[in-house]
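Protein chains in written order, with full-length UniProt numbering: chain A, 1 to 281; chain B, 1 to 392.
The set of hints was computed from the structure by calculation and includes no laboratory data. Not one of these hints is a red herring.
For each label pair, taking beta carbons as the anchor points, the in silico distance ranges come out as: (1) T213/B - A167/A: 36 to 42 Å; (2) P97/A - L341/B: 52 to 58 Å; (3) S13/B - E186/A: 36 to 42 Å; (4) P362/B - S224/A: 52 to 58 Å; (5) G216/A - K280/B: 24 to 30 Å; (6) G216/A - P354/B: 19 to 25 Å; (7) T372/B - K64/A: 38 to 44 Å; (8) A167/A - D294/B: 45 to 51 Å.
Partial selection, computed: residues in chain A whose CB lies under 10 Å from chain B: (9) M16; (10) A18; (11) T24; (12) L30; (13) V75; (14) N160; (15) D166; (16) C172; (17) F173; (18) H175; (19) Y176.
Heads up, the beta-carbon is just placed ideally off N, CA and C, and yes, glycines get one too.
Read off the chains here:
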Amino acid sequence: MKFKGTDTYVATEDLMIAVNAAMTLERPLLIKGEPGTGKTVLAQEVANALGKQFIEWNIKSTTKAQQGLYEYDAVSRLRDSQLGDDKVHDISNYIRPGKMWEAFTADESPILLIDEIDKADIEFPNDLLQELDRMEFFVYETQQTIKAKHRPLVIITSNNEKELPDAFLRRCFFHYISFPDQETMEKIVDVHHPDAKQELVRDALKIFFDVRETPGLKKKPSTSELLDWLKLLMSEELPEDVLRSKDPSKLIPPLHGALLKNEQDVHLFERLAFLSRREQR
Amino acid sequence: MFTKFFFTLKDASIPVTLREYLTLIEALKAGCAEYSVDDFYYLSRATLVKDEKNLDKFDQVFGHCFNGIEFISDAAEVEIPEEWLKKLAELTLTDEEKAQVEAMGGWEKLMETLQERLKEQEKRHQGGNKWIGTAGKSPFGAYGYNPEGVRIGQKESRNRKAVKVWDKREYKNLDDSVELGTRNIKVAMKRLRQFAREGAAEELDLDDTIRSTARNAGFLDLKMRPERHNTVKVLILFDIGGSMDDHIKACEELFSAARSEFKHLEFYYFHNCVYEKLWKENSRRHTSFMPTWDVLHTYPADYKLIIVGDATMSPYEIAYAGGSVEHWNEEAGQVWMERMLNIYHKAVWLNPVPEKYWDYTPSVQMMKQLMTDRMYPLTIGGLENAMKELSR
Chain A
1 MKFKGTDTYV ATEDLMIAVN AAMTLERPLL IKGEPGTGKT VLAQEVANAL GKQFIEWNIK
61 STTKAQQGLY EYDAVSRLRD SQLGDDKVHD ISNYIRPGKM WEAFTADESP ILLIDEIDKA
121 DIEFPNDLLQ ELDRMEFFVY ETQQTIKAKH RPLVIITSNN EKELPDAFLR RCFFHYISFP
181 DQETMEKIVD VHHPDAKQEL VRDALKIFFD VRETPGLKKK PSTSELLDWL KLLMSEELPE
241 DVLRSKDPSK LIPPLHGALL KNEQDVHLFE RLAFLSRREQ R
Chain B
1 MFTKFFFTLK DASIPVTLRE YLTLIEALKA GCAEYSVDDF YYLSRATLVK DEKNLDKFDQ
61 VFGHCFNGIE FISDAAEVEI PEEWLKKLAE LTLTDEEKAQ VEAMGGWEKL METLQERLKE
121 QEKRHQGGNK WIGTAGKSPF GAYGYNPEGV RIGQKESRNR KAVKVWDKRE YKNLDDSVEL
181 GTRNIKVAMK RLRQFAREGA AEELDLDDTI RSTARNAGFL DLKMRPERHN TVKVLILFDI
241 GGSMDDHIKA CEELFSAARS EFKHLEFYYF HNCVYEKLWK ENSRRHTSFM PTWDVLHTYP
301 ADYKLIIVGD ATMSPYEIAY AGGSVEHWNE EAGQVWMERM LNIYHKAVWL NPVPEKYWDY
361 TPSVQMMKQL MTDRMYPLTI GGLENAMKEL SR
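Only chain A is shown next, with the shape it has when bound in the complex (with noise of 0.2 Å):
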């Protein structure tokens, strides 16, 4: 079974590669990339499309690696015990599996994401290596070893905000997705909104690309916010010429909200909107 994209998801070729060669050689995945190119997306359809049951783990910089394994819950069975509770004596009632655990345990081979890796303290990436490894993992408490009984693919996020461990990123596929070009944007777009105009599609690709050229913007605008951009122009119903005026009075694209996310950048804009039309002047 490979991966080939889906109907709401365009994967380029070395994409499909990278997750083929993960899925056939049973290694995690890592997908960096800038913000809004579809990092997380991508987990789900890869779920979606070859029909298998996706587990999400979501990071954050309190999160440790043992929680992804299992906790032992020692207060409650302490409480437990003062409160004189028969359930006391057996600990595996104190043994919260993690996500990991669940994934190991499916009876069908699921997908583990584990989202924003980069989010957990530095030490996190190391602490998993032999559970990603070798897919098991000891349960110190119970005494027992949670083997996977088929291994999961598991795809890891991440934004750069941490150098990973060497030692990690050796044992795993690395996808670097880059920013689409026009024409996986136009395909991407039609998968997103199938029913928009094309000359509608094609000004503002045309607009959102200028923007994301300007020079000096703080936050360029990401794939996913130019579907939100195009899916307030389609709900708005703008006159059709509004996009392909070249008035520079209106260089400021109609709902640029969508677009710019800060006031500097929207600023900017306005600033050089101010000085093209002094130039035409």
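Given chain A, put chain B in place with the hints provided.
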């Protein structure tokens, strides 16, 4: 199988290891690349490169190895078909031939055959510059006949596409040896953050918990305490004025944005070399300054010292009293530098001038010596090394 490729990658300082190489072989065995060149390119990229800053280097090495292999192993073969092709091109040019072709079943037919032949060629010389990059277009184009038609199927050709992918070098701006751009500054800042923030927010204070629980007649009394945080204190000195003006904005942005990540971040300006005065506001440098001695006394030795400057000046400005271009300095810059370094053991010098020019400027050499080689270029890679040095 691809040992040479592997070692060339290693020589290009891409961190590849045996394990990754074995993974690649394993993946090839499992049929992940299906023997097509661009599949192989994508697969080897996914296996061997683990950081986007190395993608550009990888593309270059791939292109290089790829062509190299073609030229060595198929050297003999390359010559003949080129002749053959040239001939063919000439053939297509002459009017008699054209007429003949028309007679033989039409232009289309010939082009079809030609296309098939060419595809064969391309398969044998996948990615070789000769065929696809240069000759792929040129033999016919150069002879001036129907350049469109003669590029024959290359648009669809997988090879051509793959060559294009790595020849485009679209990951160029992710390479860490290029100078800092807006994007790169962002990445570099993340490096600083990593060095500034470690550990999660809270942990259980076991000793205190046991003590309080015991005191509580056995009833549980949990005690938490904040985890120890890395309290990095940084003192930054910026060279300002003259040749540094181009760079200073980038540097300031870099460090002021990193400000929130440090417990203490102090910065001062100097001109060319550190002397007895430092100042905080460049416009009022002559009226409101801080004697360097006071700075040295104010900030204790656990501050990390970062000096940002191009160290480009006359050697006298470092070595002699009175060498400064701005004022009469009682003591040489060298003396002041040594004083600072004696207090701040963790110190680095960041130099926005590209490293390859350092050897040509004596003052850079001198400064580097004073810093005992702890001078780093202001690139992502340089910053990384500098931070490593500081956090050692």
